[in-house]
Each structure stands twice: as structure tokens, then as C-alpha cells.
Amino acid sequence: MPGHITQSVLKYDEALHKADSKNYKLSIQLSLDGFSFCIFSETQNKFLSIESHAIHNVKNIDSFCNLFRDFFQNHPWMNLSFGQVAILFESQKTTLIPSSLYDEKEQDNYTKLNFTFTEDQIIKTDKLVNVDAYKLYVVPKQIIELLNSLFPGHQLSSHASVLIESLLILSKNLPANKRCYVNARNSYLDIIITEGRNLLYYNAFNYTTKEDFIYYLIFVLDQLKLNPEEIELILTGFIDKNSKLFEMVYKYVRNIAFPQLSDSFNYSYIFNDIPAHKYSNLLNFYLCEL
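Reading the sequence shown from the start, the letters are residues 122 to 411 in my numbering.
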């Protein structure tokens, strides 16, 4: 079967008007196996739509780009002109460099120490204000070219940059306890450990089975000498209480929570029946100074 896109969420507030698109902001979380996007009204400080799609049977980057371009050209909202477009690109090929050690001229060396990359990939950098560090990540050159052609002037960030920055901002008024955040994607998980507004740990791991998933979580907790029976675990992404992943995690960690929508924004009624934790990273982008 050729590459194709399937829709999982499609919700729009009736108050949206295409003629006002330049007064709205579009944010997109993009990966090679799917994408989600929402429309935000800055004047109302309100999210007015959310849409999510999975991508199947894409064999290479060129096929992905052709599929996404076709979707863009035929979509009634995405191809409009917006006041701002922000794109969160999902990549496991990332590394975090403290500002005190960062030298822009050494980017190639930083990345070579942490992962492999090729000539058809471009190194991008985000400055993380709350961590005082730089997040380096790579994006395929074809995707950079695609995004530049479809969304001129867009802001590109690593999904991990948004994840780290937003979690630290949201935890600023919480007790300064150690917390573990796990962001579940289709084939990998992000693990973040914080203490108050301090980042103690970040890494991402590939997984295939639920056993892989829990192995990496317990491994990280053990390395940091954190008790699974005591640590507060907050889950985001593609995981819910009815999933096999959750059942596995709950065997080892009992103090589990799912985050609610941030009260920094307003939300259309369409979000009432959407699990907030599944799209929290996308919806929290505007908290960050990236």
C-alpha cells in the first residue's frame, strides 16, 4: 500500500473565520509518522482548533515531503496565510549543551560526539532560556526546504526544547520536589527529571514493546537513585489509562498523573472531550521563549 494519511482528530470552533487567518497563529508538531496542528487567536488568548493525523507506509523523506505537500495544498485551513507559524520538529537526534560550554563553531563536533548525521541533514539550534543551554538537533534538508516553501518565515524548534522549557515554566509554582516526566511517542519516549525549576536529566529512547518502555524508565530512575514507589510520574503523549503501556508502567510506578490544560490560555469548547495530555507539548509552545 502506498504512503497515506489517516485522521484521528478534527475539531474547529465555529468562531474561526478564514478571512481573519492573518490574525491567528498556526502551530504544528511534525514527525515522520504523523503531525498535529492547532490555530490560536492571540487577541482572545484562545485555542480555536486542533487536528491530528498519522502517516503510514512512507518509505523515504522524499515520499514524506510529497505526501505532506499534497495534504497542505488541499487543506482548507493549513494553506492560508497566518500571522505566525511555529513548527515543532520531532527528532531523537538531539543534544543539550550548557551555555558556558557552547561555541557555535563547534556544532559539528558536538553532534558527532552524540549521534551520527549525514550531509543531507542540517544542524539546528534552540536557546533554552530556563535551562541556560542550547539544544542542538538535526532536520533532513528536504524537510527544511519543504517547510521554507510552504511556510515562509516560520519558526522552527525541536519538540524536546518546547517540552523541557514548558515543563520548567509550568512547575515554577509547584513544591520543589523531584518529578519524572515521560512523553510517549509511537516509537520512542522522552524522559525528563526535574527538581523545582531545575533540569536534572533529559534523554530519549527507542522502544518497540511495552517491556522496552518500562525498562528505560526504570533504568533512568535507578541511575538517578530515585524510588519508583515514591517518585511523582507525569505522563504525556500517546498513552492513556486504557493502554497496555500504562498497565505496564503502573506495575512499577504508582504515583502517576496526567497534566491538565495550562491555565495560561483559554480554550474553545472543542477541547472539552480531548485528552489534554496527548497534545500538551503542542499547546504549550506559546509558553516558551524560543
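You may find that some hints are simply not true.
[To be verified] Cut-off 30 Å, straight-line C-alpha distance, at most; resulting in silico cross-link-like pairs (DSBU-like, lysine-lysine):
1. K143 / K226
2. K226 / K245
3. K372 / K346
[Unchecked claim] Label pairs and their in silico Cβ distance ranges:
4. N166 / A297: 24 to 30 Å
5. D394 / N307: 20 to 26 Å
6. H275 / G317: 41 to 47 Å
7. K372 / K226: 43 to 49 Å
8. P219 / D191: 26 to 32 Å
Calculated directly from the structure, the hints in this document are not laboratory data. No residue lacks a Cβ here, since even glycine has one placed at the ideal position from N, Cα and C.
Consistency of beta-carbon spacing, K226 to K372, with hint 43 to 49 Å: Between K372 and K226, where Cβ atoms are some 48 Å apart, the hint holds.
Distance restraint between K143 and K226, which requires alpha-carbon spacing of 30 Å or less: Violated. K143 to K226 sits at ~37 Å, over the 30 Å cutoff.
Proposed proximity, K346 with K372 (alpha carbon, max 30 Å): holds (19 Å)
Agreement of K226 and K245 with the hint, judged by alpha carbon distance not exceeding 30 Å: The given pair, whose Cα atoms are some 13 Å apart, holds under the 30 Å limit.
Beta-carbon spacing of N166 to A297 - inside the hinted bounds 24 to 30 Å or not: 29 Å Cβ-Cβ, so the 24 to 30 Å window holds.
Pairwise beta carbon distance, H275 to G317, judged against the given window 41 to 47 Å: Roughly 33 Å apart at Cβ, these two residues miss the hinted range, so it is violated.
C-beta pair D394, N307: status relative to the range 20 to 26 Å that was hinted: holds (22 Å)
Cβ distance range 26 to 32 Å for P219 and D191, holds or violated: violated (42 Å)
Hint compliance for this structure: hints 1, 6, 8 are broken, all remaining hints hold.
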